[in-house]
Amino acid sequence: MAAWLARRVVAALAILWTVATLTFVAVHAAPGEPFLPAAERPADPAVVAELRRQFGLDRPLHVQYARYLGALATGDLGVSFSQRRPVAAAIAAALPHTLFLAAAALLLDYVLGIAIGLVQAATAGRRLDDALTVVTLMIASLPAFWVALVLLLVFGEWLRWLPVAGAYDPALYDALPLAGRVADRLRHLALPAATLGLLGAAATARYQRAALLEALGQEYVRTARAKGLDERRVLLRHAWRNALVPITALLGLALPFLLTGAVLVETVFAWPGMGRLAADAITLRDYPLVTGTAVTASAVVVLGSLVADLLLRAADPRVRVHD
Amino acid sequence: MPRLAPFAIAVVLAAGCRPADACRGDVCGTLVVAALGEPATLLPPVTDQQLARDVHDQLFLKLADVGMSANTIGDADFEPQLAQRWEWEDSLTLVFHLHPDARWHDGRPVTAGDVAFTFAAYTDSQVNSPARPALARIAGVTARDSLTAVFRFSQAFPEMFYEAVHHLRVLPQHLLGDLPRGQWSTAEFGRAPVGNGPYRLASWTPGVALTLTADTGFFLGRPHLARLVWRFQPDLAAAVNLVVAGDADAIEVLVSPDNVRRARETPHLALYPYPGLAYGYLGFNLRANGGASRPHPVFGDREVRRALTMAVDRERMRANALGELAKVPPGPIPTLWPLWEPRPRALRYDTAAARRLLAERGWVDRDGDGVREKAGVPLAFAIMLPSTSGLRRQYARLLQEQLARVGAKVAIDEVDGPVYGERTAAGRFDAYLGAWNVDPTPSTGIGGIWTSGAIGRANHGGYANPAFDDLVARASSGAGSPDSVRALWRRALETFNDDAPAVVLFAMDNVAAVHARVADVRIRPDSYWALVRTWRIPADRLIARDRVAPAAN
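So the sequence lines, in the order shown, correspond to chains G and R.
Residue numbering for the first sequence follows the numbering used here, beginning at 1 and increasing consecutively.
Residue numbering for the second sequence follows the numbering used here, beginning at 1 and increasing consecutively.
No wet-lab data here; the hints were simulated from the structure.
Source: prediction; values computed, not measured.
Some clues are possibly wrong.
Pair by pair, the computed Cβ-Cβ distance ranges are [as the list claims (entries may be wrong)]:
hint : chain 1 : residue 1 : chain 2 : residue 2 : range
1    : G       : M138      : R       : W340      : 54 to 64 Å
2    : R       : G113      : G       : P45       : 26 to 36 Å
3    : G       : A179      : R       : R541      : 23 to 33 Å
4    : G       : G56       : R       : V377      : 35 to 45 Å
5    : R       : E360      : G       : L22       : 36 to 46 Å
6    : G       : G70       : R       : V377      : 28 to 38 Å
7    : R       : H174      : G       : W4        : 44 to 54 Å
8    : R       : R261      : G       : P45       : 54 to 64 Å
9    : R       : A539      : G       : R52       : 26 to 36 Å
10   : G       : W146      : R       : I412      : 24 to 34 Å
11   : G       : P45       : R       : G300      : 51 to 61 Å
12   : G       : L310      : R       : L271      : 53 to 63 Å
Some chain R residues flagged as far from chain G (calculated, every beta-carbon gap over 10 Å) [said to hold, decoys possible]:
hint : residue
13   : V27
14   : L92
15   : P100
16   : L135
17   : R152
18   : G177
19   : D235
20   : A245
21   : D258
22   : E265
23   : P295
24   : A411
25   : A458
26   : R522
Ideal placement from N, C-alpha and C gives every residue a C-beta, glycine not left out.
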């Protein structure tokens, strides 16, 4: 176990270094001047040059890279050009919003996806199964931003049931009692979480259906049926448990999906998370913030993958045998 | 269908949150502004972002401010702020007497020492203020006593008073004096400023909102609105959604006729039109794309620029893209300037004359492909624009269509903001669709953008005509009667239009949308929220967020 964990930690550090380096090279190679946006006010070249000096952009690229890696090794992600504050502070403010959204989306994804998968497996080959296959396939193939815009239009604009932007109402939130704050958070969470959750659930349902059908064909299931157990018990107590193993493995893959999907969804819903932070940083050529968000997102994904592997090891003894 | 959630929240509020006694008389209410962006910092000298300036208007006072007339000549139309009064000791010495009741939000008095400190900071190269070049004609500022600040100018000109007060927001020396000037751009003070204005910062949640609360002891009178909330929503359509949905109360510019129509159809919104300070143009690069030493093969020829200008039906484009929200300007000027006149002075739309002129200059379609050529070079160029601007994209397509009719092949080159900024500054473009949001005065609004002195800063196309420069310099110096100064500006505009370094396409008339429960709304065209402390919400129109008690101060 210790050796396995050590190997994973070394691999994680290598991944983070690779991400940091590739992102650093990519943002510096991209055209565009961070301190010359398409502003509608004249910019003085002397002011721009002084800003470049203050933020270290006047140095050769290899010197900037060495300084960046040195600082990164000590946990210093630099100072944001656009927010004029430490990148770590910007990420610390945004990350909880993204994790909250991802957790809600993941919950919806798994609860809905597993439930649909169960129904499909139980009705395999029948009309309901076919209909759900078509629906899940259709939803899984929709782009996240399109789903987000449709939900926003229907529930935010036409019906006006839910707020169209933000993680909470900044004009009311502080004055609300605890129950009111929770309700306000949930209202704002509903549309972005539904967007990500629905897309994830469609894919999860398809995996769950396939895993269940495979489990239902196993000998231990035939044995259970031969013992006279009713079909519901066979499905839920025997087949489903084993069919959860590949779904658990999917957890590690769900995080990257949620984090990349969050870039678009957070932008559409003005959700103050990592996705919107990264999108704004790219638009503004905020180099430290772009690299900081990329490294942090990678760390979250690597960590999520590690947790998923640990869960898998706990759920399936065969994984430990193959170690 | 009624909105259930606000009702539920109102019930929760009524049931158990802070008491609804936040209102006393007409001192009450919350105004939520849908903000198209977020400030980088709130330390005034280090930024000239529009949104930061809007918030600064509430936090940091100037000595005096531009009045509703937006007249920047002399001092008669200026409103006192930190300065109770002022006088001219001689033609180069201006003395301000500070209001004795003016206080910083930490309770310390505002002094003339703060004013002198502020000038020193704004003009320090380490602070790197965008306003520094505009203060070049002020030789120095000193404190004669604790309430008397003395400005000395190096030369006399009509807008001396404007230059003394417009750019300087007085800063607290006791809080910033020890902060190394090289660190001001990232100073913590910029996130937690202590000002002297009608509002003080209550909270700033990055990516979400910024909240100000009324300063109960403000020396010029307590603001009526208890809270101002800037809710960050960088996308214009989404910001308009917030206002239409009632999640925000105000947006300063609606920009497009569609947004105006949506706001007009929303019963809880009132619309407020006002003259604008922005104009848009098609700028030609007079120098070769990326090579400043050679003339541009197309736009280096003045007559070709004139022909292309005559090929553009600016009225039709304005009607198509902006409707009644804009006018075709008589030159590179916004509708707010007193120089504005409805009669276009630019080259008139005349495609026959345009074709004739192009042919005279040797541009002829010899191979019948619809595109003119000259010495094997096609009359083809790209128009660069920032991809974030839907309006400019619309204009680019209209220009493409109109210029094709006279045999010019136009490509559209959409790039993102930083690339646009980099390429315009470096001269790496053929033509570009630009827009300026200018100061209330033509001295900087024309002199700082279109003269040869502005090449390398804002004059991206490299237009240089000594006659134009001379007219602008003479008009800016203000020698002579007001009528003769105005005549000089007119001649400058005519010279510009004759040379056609750009086709000035539109000048905006802005429309703001504000929740109808807000009364006494007045918008100063050069600074949208400058007068917000005089707005109020009558007691019989309050909604849930108006009753939220602001944090004590």
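Outcome of the hint check:
{"no.": "1", "hint": "G/M138 x R/W340: 54 to 64 Å", "result": "56 Å, holds"}
{"no.": "2", "hint": "R/G113 x G/P45: 26 to 36 Å", "result": "33 Å, holds"}
{"no.": "3", "hint": "G/A179 x R/R541: 23 to 33 Å", "result": "28 Å, holds"}
{"no.": "4", "hint": "G/G56 x R/V377: 35 to 45 Å", "result": "44 Å, holds"}
{"no.": "5", "hint": "R/E360 x G/L22: 36 to 46 Å", "result": "56 Å, violated"}
{"no.": "6", "hint": "G/G70 x R/V377: 28 to 38 Å", "result": "52 Å, violated"}
{"no.": "7", "hint": "R/H174 x G/W4: 44 to 54 Å", "result": "60 Å, violated"}
{"no.": "8", "hint": "R/R261 x G/P45: 54 to 64 Å", "result": "42 Å, violated"}
{"no.": "9", "hint": "R/A539 x G/R52: 26 to 36 Å", "result": "53 Å, violated"}
{"no.": "10", "hint": "G/W146 x R/I412: 24 to 34 Å", "result": "25 Å, holds"}
{"no.": "11", "hint": "G/P45 x R/G300: 51 to 61 Å", "result": "24 Å, violated"}
{"no.": "12", "hint": "G/L310 x R/L271: 53 to 63 Å", "result": "59 Å, holds"}
{"no.": "13", "hint": "V27", "result": "17 Å, holds"}
{"no.": "14", "hint": "L92", "result": "26 Å, holds"}
{"no.": "15", "hint": "P100", "result": "35 Å, holds"}
{"no.": "16", "hint": "L135", "result": "12 Å, holds"}
{"no.": "17", "hint": "R152", "result": "24 Å, holds"}
{"no.": "18", "hint": "G177", "result": "20 Å, holds"}
{"no.": "19", "hint": "D235", "result": "8 Å, violated"}
{"no.": "20", "hint": "A245", "result": "6 Å, violated"}
{"no.": "21", "hint": "D258", "result": "14 Å, holds"}
{"no.": "22", "hint": "E265", "result": "13 Å, holds"}
{"no.": "23", "hint": "P295", "result": "23 Å, holds"}
{"no.": "24", "hint": "A411", "result": "18 Å, holds"}
{"no.": "25", "hint": "A458", "result": "4 Å, violated"}
{"no.": "26", "hint": "R522", "result": "23 Å, holds"}
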